[in-house]
Amino acid sequence: MSLYRLLVRLCFPAAFRRRFGEEMAETFADRRRWARRHGAMAVVGLWWRTVRDLLRQGWNERRAVQRAKGDPLMRGILQDARFALRLFIRQPAFAIAAVLTLALGIGANVAIFSVIDGVMLRKPRLPDADQVVSVSASDHQPLNPANFVDLRQGTTDVFAALAAYEYPRQTTLTGLGAARFVTVVAATPEIFGVMGAPPVLGRPFTHDDAPDERPAVVSYAFWHGVLGADPHAVGRQIVLDGEAWTVVGVMPDGIALPDADVWRPLVFTPEQLGHRNSFFLSAYGRLRPGATVEQATAALTGVLARIVRTVGNISGHDRAEAVRWQDDRARGVRDQLLFAQGLAVLVLLVGCANLTNLLLARATERYLEFSVRAAIGAGRGRLARQLLTESVVLALLGGLAGVVLAYWIVPPLAAAYPVPLPNVQAIAVNVPALAAALACACATTVLVGVAPALVASRLHVMTTLRGGSRPTASPATRLLRSGLVTAEVGLALMLLVGAGLLVRSFVRLTSQPIGFSPDRILTAEVTLPPASYPPARARQFYQDLFDRLDVAPDVVRAAAASSLPFAGRDAGFGTMSVVNGRRVSVGFTLRIVSPDYFATLGIPITDGRNFGATDTPDTDRVAVVNQTFAHRYGGTRGILGFRVRESDTFGWITVVGVAADTRALYRSRPRPELYLPVAQAEASGMRPRSMILLLHTRGNVESGLPLLQSVVTSLDPDLPLAHVASLTTLMGESVASQRFNMKLLAAFAATALILAALGIYGVTSYVAGLRSREAGIRLALGARPGQVKALLARQGLRPIVVGSAAGLAGAWLLAGLLKSQLFQITAHDPWTLASATVALLAVGAAASWIPARRASRVDPAAVLRTE
Amino acid sequence: MTNRAADVDRLLPLKPVVFQILLSLADGERHGYGITQDIAGRTSARMNIEPGNLYRSLRTMLDDGLIEESERRPAPDLDDARRRYYRITAFGRRVAAAETARLEALLADAKGKRWVRTRS
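From first to last, the protein sequence lines are chains F and R.
Residue 1417 is where the first sequence starts when you use the numbering used here, and the numbers rise one by one after that.
Residue 157 is where the second sequence starts when you use the numbering used here, and the numbers rise one by one after that.
Note that these hints are calculated values from the structure, not bench results.
This one's a predicted model, so the numbers in the text were calculated from it and none came from an experiment.
Backbone N, C-alpha and C define an ideal beta-carbon position, used for all residues, glycine too.
One thing to keep in mind: the hints can contain errors.
Some but not every residue of chain R turned toward chain F, in silico, with C-beta under 8 angstroms [to be verified]:
no., residue
1, Gly188
2, Tyr189
3, Glu206
4, Pro207
5, Gly208
6, Asn209
7, Tyr211
8, Arg212
9, Arg215
10, Arg239
11, Arg243
What follows is a list of derived Cβ distance ranges for each label pair [stated by the list, open to error]:
no., chain 1, residue 1, chain 2, residue 2, range
12, R, Trp271, F, Arg1453, 33 to 43 angstroms
13, R, Glu260, F, Val1820, 50 to 60 angstroms
14, R, Gly184, F, Arg1449, 21 to 31 angstroms
Please model the entire structure based on the sequences and the hints provided.
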């Protein structure tokens, strides 16, 4: 019974309790007697209904009372809030500074949380997405067709479906408006089983579909955007790279695995299935209900081990692994995002420390106000509540502004993100993000509100009133305030050190010698559909293209290559056998280039000769290798004259020249590379699907595009140019991730530095204000202004020095977190640590010097008069 | 506590709980638990009123003048002295009648739409 009374006491206002409390308890007792007669479940049910009833009705009653005449607690809180708002309006500078500080911190946190929520926490739209795994040889290496077929047959007990696909390709779509690129993926029919949802229109293709009928399934977006949401789309023909495909199905909205516009059947040729030394397949699987990722990995590895036992280990991989698809797609961004979130939390902490300091200073300034209020009857709790309410109002305003800020930040943040974000359309400020903002605001309130409230509750009323002058803060308060500044300084220094490390690392990275000159080079990709471009016509196309470009006045030189350094996707690599008396397995990057490639990029030929007009399909096949290739495989005898050939299908290729090394990325060391002339590529069995055109322009790079466009169009109006960019832009994109992190950290460090400077300034001017009387007296007694200045500034400097030491220690300890992002620089780089500390000390000294100087300029006579 | 027609209209439509309590008190005075028992009985336990809800309703009804406390305490030996009895006021009866008329009009409309199954 007492429990019920206690609940009533908690829930209902006193007036109501006095009037009905006894009766309610009595009625409850009657109901409980009744419930006990009906067993334990009835009693439990009674309590459940009762608690719900009391909470709901108690709240309603309080609100009703508050509306009618005002419940003391509710009225008090609202009164406090109104009072706080009035106060903020009267002192807008303080309020704006405080709200902005919080808005920055909370906004950054909410924005980054929204991205994390969209990328990592939100469920993708595939049905039962946690059963979908991506399958690869160890370390994300591709699979071989014959191996895949064995894997598919050998793992049916764990996989409901296992599908292989080739990397999605940009393919030219013609016949429906202007020619354009669409993403086409060749996949085995099991891919629809993996996606787990039937098409909204038509059917998926199956193993029974004859490949020469060319069935295709299109995405919802393609159906909407290209086919105009035609309800009779099934049966329509679409022309891809000059081949007609028949649409047999349309997938539901948002269901696309891998992400593509069109899926077409992937059929392995008997030749592909005959040998196991080419690796180009990726795979997705859907686990059977109850099967785990570990079981899948074990089953796959078991099959692969069997293959290795029978045919030997060709790929160098004896393990296969299944990775949960959701983890896989978030893998690349997870560390990035958590890094950014960590930084945002640090900034919020610095902001909170700053705000606490501001509020403490205000609480001390308002001693007189509080003393008067206490003298006329306000309790300590009442005063503490007033301050706490002010903090809550500030935090809520800050949270609100932060959400507004986040709304602005999120779309550009998601768009500017260096790593392509999976699920990017799902990223927005949403309910979980708002909850996060609220959580931030609450945490902030606790962080910033409690200390001032405690200070206010320890008020010595009589001292203040009797003294009539400004009180001095208690030693504890002063310690707290300098402690806060110390913390701010420490955090700011840690961020500064981090930013400094990233900047230095970035400079080192981008000043790596790359082995070619990227200036004024325009790149664009062109794809010659094999159906309309048989080998001879393709050769003619490039011939005509270069003939026309070479005579253009704005062009220094033009070339073409199947792949480029820094162009993002790496060239096909092969394991070839070099035979020159002995058989060797070699791995290398393969680039198919036009003869002018080396001259266009300024890559010197160091030995032998370049390709020339004499290298045609009818002459001996030749290759140029880079220096790394020559050193690794040529040994002391030199590489010239080496004969190379891939598997048994293709003929011999002779190395005729050596070109200087280039780097594929800033970070990567030069790897062995082998160049083939584009004129002989077809004969070597390696016709590239698309080529990157390179245009070395005389003027600025942009002037090359209209020229290139018009020349290509004049040769074939159905050829679109893709991925147009300058080479320097491509190089910039290759380090976009590093640059993004650097900018983010630098922005956060700058914010923290400004906040710390404000904090130092606040504390010093506060101390200086308190001691201005003392300064006046000292001056009157003959102290020089410089001495007084130094005395006061020292007060402000102490927390800076202590904070710097703490920050250095923290930076030293946490530097390991940055290690993976650093290039050729240790996380404990002394130069960075020293310069960050100096910068912080300088800012800190300036921030404490200004108020000290102001205090030292007091007129001694004026001070003495007021005494 | 005036009894003008405007006051009657101001209170309409009645909350179901309020109307049920008025119905319970139509035949005589009851205490709180008695009211809930009566309502549960009449509605075949479809409407179970928890004490919080009941006394908040009684509070508003007292404030609105629909009911009043009775001074009578029947048979002290049978009953706890803390129990209070409530009875309907004349104003309460008028409001209940007005609510009944309102519901009747509503029901007539519904019957016009043939939503009500009439036994004939």
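Against the structure, the hints come out as follows:
no.: 1; hint: Gly188; result: holds (5 angstroms)
no.: 2; hint: Tyr189; result: holds (4 angstroms)
no.: 3; hint: Glu206; result: holds (3 angstroms)
no.: 4; hint: Pro207; result: holds (4 angstroms)
no.: 5; hint: Gly208; result: holds (3 angstroms)
no.: 6; hint: Asn209; result: holds (5 angstroms)
no.: 7; hint: Tyr211; result: holds (4 angstroms)
no.: 8; hint: Arg212; result: holds (5 angstroms)
no.: 9; hint: Arg215; result: holds (7 angstroms)
no.: 10; hint: Arg239; result: holds (6 angstroms)
no.: 11; hint: Arg243; result: violated (15 angstroms)
no.: 12; hint: R:Trp271 <-> F:Arg1453: 33 to 43 angstroms; result: holds (40 angstroms)
no.: 13; hint: R:Glu260 <-> F:Val1820: 50 to 60 angstroms; result: holds (53 angstroms)
no.: 14; hint: R:Gly184 <-> F:Arg1449: 21 to 31 angstroms; result: holds (23 angstroms)
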